[in-house]
Amino acid sequence: MLRILMLFTVLMAGWSVSTPVVAQANRAVSVCANTALKDFLILRRVVDQRDLSDKRGRVFARQVEMDMRDGGRTVRITCTYEIKTGRVRLERGRPGGPVLVPPGQADPRAARNACVRAVKDQRLVYDRVLKETDMRNSRGQIVGRAVLIGAYIQGKPRQIVCEYDYARRRPILQIRR
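Reading the sequence shown from the start, the letters are residues -23 to -1, 1 to 154 in mature numbering (1 follows the signal peptide of the UniProt record, and there is no 0).
To be clear, the hints were calculated from the coordinates, so they are not data collected in a lab. Just so you know, these numbers come straight off a predicted model, no measurement behind them. Any given hint might turn out to be false.
[To be verified] For each label pair, taking beta carbons as the anchor points, the in silico distance ranges come out as:
1. ARG86 to ARG50: 20 to 30 Å
2. ILE152 to ILE119: 21 to 31 Å
3. ARG116 to ASP47: 17 to 27 Å
4. SER115 to LEU67: 20 to 30 Å
5. ARG153 to ASN90: 15 to 25 Å
6. GLU140 to PHE17: 24 to 34 Å
7. ILE130 to VAL24: 41 to 51 Å
8. THR62 to VAL23: 41 to 51 Å
[Said to hold, decoys possible] Here are the computed lysine-lysine pairs in the DSSO-like style, where the Cα-Cα straight-line distance is at most 27 Å:
9. LYS133 to LYS108
10. LYS15 to LYS32
11. LYS15 to LYS61
12. LYS61 to LYS32
13. LYS61 to LYS97
Cβ coordinates follow ideal geometry from the N, Cα and C atoms, glycine included.
Kindly generate the complete structure, drawing on both the sequences and the hints.
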C-alpha cells in the first residue's frame, strides 16, 4: 500500500509540474501574436513551433516562427516566449517573400507580352526580345520572369530589363544602358 501511495505521489508531482509548462507552451502563439500586433504586425500563419530546453531536458522557452503582414509586405518573425517569466522577444527574420503561384499558372508568354506592352506604354520604340530567364527564390521555386528587351530611346539603342512577378502580375522596367 505504501508503494502505491509513493508511486501515486510521484506521478501527481510530475503531472502538476508538466501541466503548467504545457499550458504555457500552448499559450505562446497567442501571446506572440498579441505582442506583434502592438508593433502593427498582423499574423498570417504559424510556420513552425519548437521547445527550447536546457541540458537536463527541461523546457524553458517556446520558439514560434510566424509569417506576418507589415504594411504591404510579408515578413518572417521569430518569437521566443520564456515560460517561467512570460517574457516575449520578437526578432525579424528574412522576408517571407512573395506569394507563390501554383504550378502550371506561371505563363512565360504572358510575362513576355506584359513586358513588351509596358515598354510600349512608356512610349519607347520596341525592337525585340533579346533574352529571357526565370527568376527563382532561395528555395529554387520559380517566382517570376526576367526579360531583356532591345529598344530605342531618342534614336539610341538601349537595353531594358523587365522583371515580371507572377504573383503580382506586374512588370517592373529598368534601363540597363
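Comparing the hints with the structure gives:
1. ARG86 to ARG50: 20 to 30 Å: 29 Å, holds
2. ILE152 to ILE119: 21 to 31 Å: Given a distance of about 25 Å, which is inside 21 to 31 Å, the answer is holds.
3. ARG116 to ASP47: 17 to 27 Å: 21 Å, holds
4. SER115 to LEU67: 20 to 30 Å: 22 Å, holds
5. ARG153 to ASN90: 15 to 25 Å: Holds: the Cβ-Cβ distance is about 20 Å, inside 15 to 25 Å.
6. GLU140 to PHE17: 24 to 34 Å: For PHE17 against GLU140, whose Cβ atoms are near 29 Å apart, the range 24 to 34 Å holds.
7. ILE130 to VAL24: 41 to 51 Å: 45 Å, holds
8. THR62 to VAL23: 41 to 51 Å: 22 Å, violated
9. LYS133 to LYS108: 19 Å, holds
10. LYS15 to LYS32: Distance ~34 Å between LYS15 and LYS32 Cα, so the pair is violated.
11. LYS15 to LYS61: 22 Å, holds
12. LYS61 to LYS32: Status holds; Cα separation ~17 Å.
13. LYS61 to LYS97: 62 Å, violated
Hints 8, 10, 13, counting from the list given before, are not met by this structure.
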